[in-house]
Amino acid sequence: MNWLIAILQTVLFVALAPLLAGFLKFCKCRLQNRKAPSLLQPYRDLLKLTRKQPVISEDASWLFCLAPYIIFSSMVLAATVVPLIAVDLPTSASADVIVLVGFFAFARFFIALAGLDIGTAFGGMGSSREMTISSLAEPAMLMAVFTLTMTASTTNLSGAIGHVLNEGLILRPSFVFALFALILVAIAETGRIPVDNPTTHLELTMIHEAMILEYSGRHLALIEWASQLKFMLYGVLIANIFFPWGIAESFGLSALGYGLLVIVGKLIFLCIFLAFAETAVAKMRLFRVQEYLGFAYLLGLLGMLSHIILESTR
Amino acid sequence: MIAVYLLLLLSAAGIIFFALTGHKDDIGTLNTRINGVSLLITIWLAITVFNQGTILSGGKAFLIDSFNVYLIVLTAFVGFTTSLFSAPYMAHEKEIGKLTDKRLKLYYSMYQGFMLAMYLVLTTNNMGIMWVSMEGATLATVLLVSLYRTPESIEAAWKYFILCGVGIAQALFGTILLYYAASQIGDSGNALLWSVLHEHATQLNPDILEIAFVFLLIGYGTKIGLVPLHNWLPDAHSEGPTPMSAVLSGLLLNDALYAVVRNKMLVDGATQTHIAGYLMMGFGLVSFLVAALFLHRQKDIKRLFSYSSIEHMGLMTFAFGMGGALATFAALLHMTVHSLVKSAIFVTVGHAAQITGTQKMSQIRGLIKTQPKVGWGLLIGTVAIAGFPPFGVFTSEFLVLLATMHSYPWLTPLLLLGIGIAFAGLFRHIQPMVFGEKPEGQNAIKANLIPVMVHLGFALWLGLAIPSFLSDWFSQATQLISGSAL
Amino acid sequence: MILFLAYSAVLLSFASGGIALAHLYKSDVNKQWVFWSLGASGAMAIFAGLGELVNPEIRLDTLNLGLPWLPWHVHFDSLSAFFYLVIGIAVFAVSFYAPHYTHHEQKNAQNFAVLSLFTGLFIAGMLLVLLADDAFMFMIAWELMSVASYFLVAFQHENAANRRAAFLYLLMAEVGALFIILAFGVVASFADGFTFDALRASTLSTTWMSIAFVLALLGFGMKAGLVPIHVWLPEAHPVAPSHISALMSGVMLKVALYGLIRFCFDLLPEVHWEWGVVLLVVGTVSALGGILYAMMQQNLKRLLAYSSVENIGVIVMVLGLSMIFLANDHQELAALGLLAALFHAFNHALFKNLLFLGAGMIHHQTHELNIDMLGGLIKRMPKTSVLFLIGCMSISSLPLFNGFVSEWLAFQTALQVDVLDNGVLRSLIPVSAAALALTAALAAACFVKVFGLIFLGVPRSRHAEKAKEIEDKGMLAAPALLAGLCFFFGIFPNVMLNLINNVAQQLLGSTLPPQGELSGLWLAPVSAQQASYSAPLVLIGALIAAGVCFWVLRRNPSTVTRIAPTWDCGFGGLTPRMQYTSSAFTMPLRRIFSPVFLIDEKIEKTMREHTTMNVAEVRYTLHIQDHSWVRLYQPVERGVNRVAKQVGRIQTGNIRTYLGYSLATLILLLWVVS
Amino acid sequence: MNIESQDFYTQAILSMSALVGLTSFLMLGQGRLLRLIFVFAVQGLLLTLTTSLAAYSLDNPHLYISAVLTFALKVVFIPWMLHKQVLAMNMHRDVEALKNNTAVMLSGASLMVFSYYVLQPIIHTSSMIMLNALAVSLSVVLLGLMLMISHRQAVAHVVGFMSIENGLFFAAIVATNGMPMVVELGVAFDVLVAAILFGIFFLHIRTSIDSLDVDLMNKLHEVDK
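So the sequence lines, in the order shown, correspond to chains A, B, C and D.
FYI, in our numbering the residues of the first sequence are 1 to 314.
FYI, in our numbering the residues of the second sequence are 1 to 486.
FYI, in our numbering the residues of the third sequence are 1 to 674.
FYI, in our numbering the residues of the fourth sequence are 1 to 225.
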């Protein structure tokens, strides 16, 4: 039964990811006084891509074709770990938050390799920048996460979320820092403005797009889907870790339905917030990114210290 | 006891015989044979001592105890192996016309003369005779240093002669003071006999003995090559024929140190203070460090290794000066392995110089490619002398370090510093010589590397496991010198 | 029995050297025996190690060697056994790899003899270090290891760079050894005798103990290549033959770690948390510095050597954590730290060997180690590329591979900080954990660069163009074995962890917390509530996910992939030189971390017909140097030379001056005594 | 002590020692080689007299032998050989310009004082005469060393070397009434050989650097010039 729910949740996760992306686009268009495409547009794109015939460069190797599947499946695995509508699911025990970061690293490793595989300048540029930014983002993220895990004294996500739930509403300064740090990291990692611009194809600015420039057809579909999934993962992570209330702790139907509604609400809120941010801010130069992420790291560090100094149990 | 007389007579005969026939072709082998025989004699001597313990000859003229017996065997051994090497070496020198018959005669007869002096220094019981034969050793070798008659060699010989002469004269003054002190407690007939003096050491006048020791230390210290009295040593080693350098480094220095230690035992007995020890420690440490630094500046390969000899003699002097069972044991062991390894190195150096026709290290290259045996010999020898296990040098240095750590902990950093500097100084010169491509027109020569292998083999053996009879002797000698057992 | 196996491992490795010598003098000796006995020695070491680890007990013995009053004491416990196992696996793999790899050397009997002889001595030395139970034997074995490996580094001594590296290496080894002797001496001067039992029983004041610890850290750290005393390592490891570099980088560094662990956790009567902090800081610095420098390298083997510095740093860091916990008597958490450290050491041995062997294969086929000259090998050397990819994934600690598990354990150890009372530690350790995260991420970036530039893309030189796959079975088998182990221990780490638990039991007197779980599917070191990881489940999940979407997407027949030329933005003529190079790939990080390096970057433009507009050609040169080289090593060298120059003045060459010395000394001493 | 209270032998010895010391000083300040050699011969003669005196008054026959040896070596053979060399090199006309001679003399004097100071502790061990004799002989040794340091001519070095020997010999005679015979003989033999070797060396040095100035022999050094 529990396993069934876990798998269902994962499927739900995978299924909802494009919708979330569509919704974000919708919000942005509205904020920029443009007419928005329908919310289902991402699904249509994915479907179209899967029907197209993929074209592969003659310089590409087997790794190029294999990469999309690896990337996608590692994102799916990540989705099994992160509690969407219910905690204490068996799958979430199989890997804790550090492993989650590991999954992201796995995907990144292969997408970067894929970028280098066809041997064009674009691919190399993209992977170089991607690896740079992520290697700066990872410690910041772990700092933020560690703040939580040390408060809950567990690295299991559902465990941590359960802990936050049970101790009720406590205002922790460390959480505030950690929250902002995590948001900054999430923006960087999911390639949103101001770090990267998913809609651009201008060589000076693009990072993620540069790596996947050679992809087409179902491969491209998988990669797009994976990145939408990644975006949703971060969203859910932020939403459920810091505002876990409403998530289902028992596997009753009502509880689950309630949980689903609540998470949808949280995500909608997050998307609107992000849309505002993206319309307000301009993209920054590549070599300003380290300052940005350094700031994120600093926030994470402050969170950690304030946990140890202000909230220490002894 | 007959053994001793035989030994001395044999080399004495050698002097005269070679003075007449030294220019014959296969004379080198004969020289080897004679030294081989004396080696056998010494072994016989060693066995008798091993069975009977200390031997004091009739008339107390000669004294063989556990301290000098193994030095005697070592002397004979090194003398023998070096003569093995010197035979083809000298033949080669004669071929390329560097030597005439007359000088060959001189060389071989003085070789025996030197051996005679060495045996006498070690065996005699009379401090006066010890002095005489020590001076004799200088006189025997001084002409060999200038054997090639180049301006440098003559200069070196002159310095060797004058400095050692003056030094040794001071040693004689010390000996006279010793005699003076001894003659005050009566029995002036054999007041110079070490055995007698050692018995009555406590009655000797400490003040006189302190002054006497200063003279003796400076006198024999000049021969040991203690800084700042060392200046003759690198010159003499670098300019003479290589076999001479080998025996000088391997034997003469040891015996000078032997003389100092013999005297120290008397002085310690008399003064009951550690003054002599402190003097030796000071000299030893200074020599050790300064020589280690000198290594870095060398251009001539034989000079390089003569400085390393100074360094090691300094270490031994330091250890003997420190006293104590462990340090003394270490020093005795170090004496042995050092003379083994160092003479082996000089043998290979000689070959290297003959291969390349120069002693300038900047022109010696690619030995391993040219003649692997020589190259590896030099390299392994250097590894051994630099104190890498499993060679014996490491063992003794290890023990010296631990002894120092035990009694004077604050000196150990200095020692380690010295060892490190010396190591770097050796290898920065050795490596380019043995490694690398073979230069144009550089060819292998006829070389006899058995001595090298044997010496290094022994050094290895001593490093891995010290044979029981040797360790017994060492411990007895330790007991004798330091007055305390291990 | 176990001891017999251990001895026979040593003897066999001696034997392989001996056989090589015999072959030099009697050429009818079959030289394959050299490798067979090497392999046998490896197998023996594995058996001995496993046997001891499975039923751990302390086995003692004395050999009638060494000093008359101090025979060699032998001591084989589970800690030694663990490192025995590490060495054994490495040697076993190498023994398959070497025969074909060295076939060029085998043409020249003498070179072959030298190579094999010192390889044998080197391995024997490492094994003896693990057996030693007294300071004297330890030092002998230690130096045997150093000297033998020096000869291996200097093996290809024709070019000057190797000679220089070898000299530097031996010098560092010597200095390190002196420090170690000093450390032993400090402890021994408070104990009676040099046997480890005597040292254990010694009673030191805390000050002396700390001095001994610092000396040991310097000594062993110099061998293990901790920043800033690591400079010899990236010089020496690359120039040795690849299978030797594999042994040096993969195994010898571990022996240095063994020494550190043995000295700090076993010989010294107690540990202090300050030492732990020292280790933590040094480890963190080494980890970060190592990987940052590794990233900037163009020579593959140099890069790998620097990454060894990084991994050693990680291990030392975790050891520091373990020491901190031990000093605050949380034995169980200390055990966790030790577990993490040892397991990472084990993993590093596996994948670093794998990578060095892979580098050897690349060099063997292309005669090229410069990353910027390679590329596109994945098509030409498919098997090699798969093996190398596995190595890269393990070393960048990706899930499903062994590197990740030890990294994960390290994080788990760091996160137990809440049990400590000391606020400094509680804030310091998480920071170091974040540094660890940074290290891991940078490592991933670094090895993306390595694999991407070497195997992917288009060949950048004719050598790479012409490269062929390796035919020799053995040369493929060795890395295949290691890669298999990397994957196996990535999925079933518990197999190893249970064994290491015994080591902790013997060394610290305590194992992991009882509520922890190390069985079957689940890995939960502290407790299932706190943290759990199940590699098998993850693997299954990944297979399902990938399988499903593969199956779904492949059904549509009209979507068979079409091969087409790479899109060139409509300009035409993509050339290999347009690809990103190593220096281009790392440029952003180089800019971000510029203070860490000494960068010497030049761009020379030559203009056509004297205008400032029209560039004829551009030459770009980049030279990156190590800080500690300039700040630490060169000053020492200069200092020694200067002092020597001054001292040289006393020997003027004038005999009258010398007589003056003699007189002065005489007068001085007479004045002293009277 | 006052000299009246001593017996004739002692007085004689003391005056002898005074004379020996004087000769050393004369040598130290001497620039002309031939005179140097002459003074050295005189010192040898004084030694011979002292020895025979000691032999007579202590009726210690073997001292006669050493007296004879001394005479033969230090009065006849060595001076003759050196004299021959100097004439051969025809250096008998040129005077060696001694740098700051007065300073050398003063330091020589202070060396004499120093040797008294050093040997002070021995006073209580024996009669004053021993102290004097020893002090003189020590200062002779030191002065010989000074001589070698201050002179540049190889010949002068030989003289200095030999006068050091004289000092030792004097000490042996007066302080200890001569060493055992065998030692005496050995020493004498060494001195003889040394003298011969010096002769050979002059030849070599002359052929190599065509002068006997030791300052010209400084090829082997560690200073980078």
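If you are wondering where the hints come from, they were derived from the structure by calculation, not from laboratory data.
Even for Gly, the Cβ is constructed at its ideal location relative to N, Cα and C.
Be aware that one or more of the hints could be misleading.
Only pairs whose alpha carbons sit at most 27 Å apart, straight line, appear in this in silico DSSO-like list of lysine-lysine [as the list claims (entries may be wrong)]:
| id | chain 1 | residue 1 | chain 2 | residue 2 |
| --- | --- | --- | --- | --- |
| 1 | B | 369 | C | 468 |
| 2 | B | 98 | D | 219 |
| 3 | C | 605 | B | 373 |
| 4 | B | 373 | C | 645 |
| 5 | C | 645 | B | 360 |
| 6 | B | 446 | C | 468 |
| 7 | D | 219 | B | 299 |
| 8 | C | 383 | B | 438 |
| 9 | B | 299 | C | 645 |
| 10 | B | 369 | C | 645 |
| 11 | B | 299 | B | 446 |
| 12 | C | 107 | C | 468 |
| 13 | B | 102 | D | 84 |
| 14 | C | 107 | B | 438 |
| 15 | D | 219 | B | 360 |
| 16 | C | 645 | D | 219 |
| 17 | B | 373 | B | 299 |
Reference listing, derived: stretches of chain A covered by chain C, where coverage requires no fewer than 3 residues with Cβ under 8 Å from a Cβ of chain C [unchecked claim]:
| id | region |
| --- | --- |
| 18 | 169 to 177 |
| 19 | 256 to 264 |
Derived DEER-like restraints, expressed as beta-carbon distance ranges [claimed, not checked]:
| id | chain 1 | residue 1 | chain 2 | residue 2 | range |
| --- | --- | --- | --- | --- | --- |
| 20 | B | 410 | D | 117 | 29 to 39 Å |
| 21 | C | 4 | A | 251 | 51 to 61 Å |
| 22 | B | 56 | C | 206 | 32 to 42 Å |
| 23 | B | 272 | D | 59 | 44 to 54 Å |
| 24 | A | 249 | C | 528 | 40 to 50 Å |
| 25 | C | 567 | A | 243 | 42 to 52 Å |
| 26 | B | 410 | A | 176 | 55 to 65 Å |
| 27 | C | 104 | B | 278 | 37 to 47 Å |
| 28 | C | 643 | D | 117 | 29 to 39 Å |
| 29 | A | 171 | C | 557 | 30 to 40 Å |
Hints versus structure:
no.: 1; hint: B/369 - C/468; in the structure: violated (33 Å)
no.: 2; hint: B/98 - D/219; in the structure: holds (21 Å)
no.: 3; hint: C/605 - B/373; in the structure: violated (53 Å)
no.: 4; hint: B/373 - C/645; in the structure: violated (34 Å)
no.: 5; hint: C/645 - B/360; in the structure: holds (19 Å)
no.: 6; hint: B/446 - C/468; in the structure: violated (47 Å)
no.: 7; hint: D/219 - B/299; in the structure: holds (13 Å)
no.: 8; hint: C/383 - B/438; in the structure: violated (40 Å)
no.: 9; hint: B/299 - C/645; in the structure: holds (13 Å)
no.: 10; hint: B/369 - C/645; in the structure: violated (33 Å)
no.: 11; hint: B/299 - B/446; in the structure: holds (26 Å)
no.: 12; hint: C/107 - C/468; in the structure: holds (22 Å)
no.: 13; hint: B/102 - D/84; in the structure: holds (25 Å)
no.: 14; hint: C/107 - B/438; in the structure: holds (19 Å)
no.: 15; hint: D/219 - B/360; in the structure: holds (15 Å)
no.: 16; hint: C/645 - D/219; in the structure: holds (18 Å)
no.: 17; hint: B/373 - B/299; in the structure: holds (23 Å)
no.: 18; hint: 169 to 177; in the structure: violated (count 0)
no.: 19; hint: 256 to 264; in the structure: violated (count 0)
no.: 20; hint: B/410 - D/117: 29 to 39 Å; in the structure: holds (33 Å)
no.: 21; hint: C/4 - A/251: 51 to 61 Å; in the structure: holds (59 Å)
no.: 22; hint: B/56 - C/206: 32 to 42 Å; in the structure: violated (55 Å)
no.: 23; hint: B/272 - D/59: 44 to 54 Å; in the structure: violated (39 Å)
no.: 24; hint: A/249 - C/528: 40 to 50 Å; in the structure: violated (18 Å)
no.: 25; hint: C/567 - A/243: 42 to 52 Å; in the structure: holds (45 Å)
no.: 26; hint: B/410 - A/176: 55 to 65 Å; in the structure: holds (57 Å)
no.: 27; hint: C/104 - B/278: 37 to 47 Å; in the structure: violated (60 Å)
no.: 28; hint: C/643 - D/117: 29 to 39 Å; in the structure: holds (36 Å)
no.: 29; hint: A/171 - C/557: 30 to 40 Å; in the structure: violated (60 Å)
Checked against the numbered hints listed earlier, the structure breaks hints 1, 3, 4, 6, 8, 10, 18, 19, 22, 23, 24, 27, 29; every other hint is satisfied.
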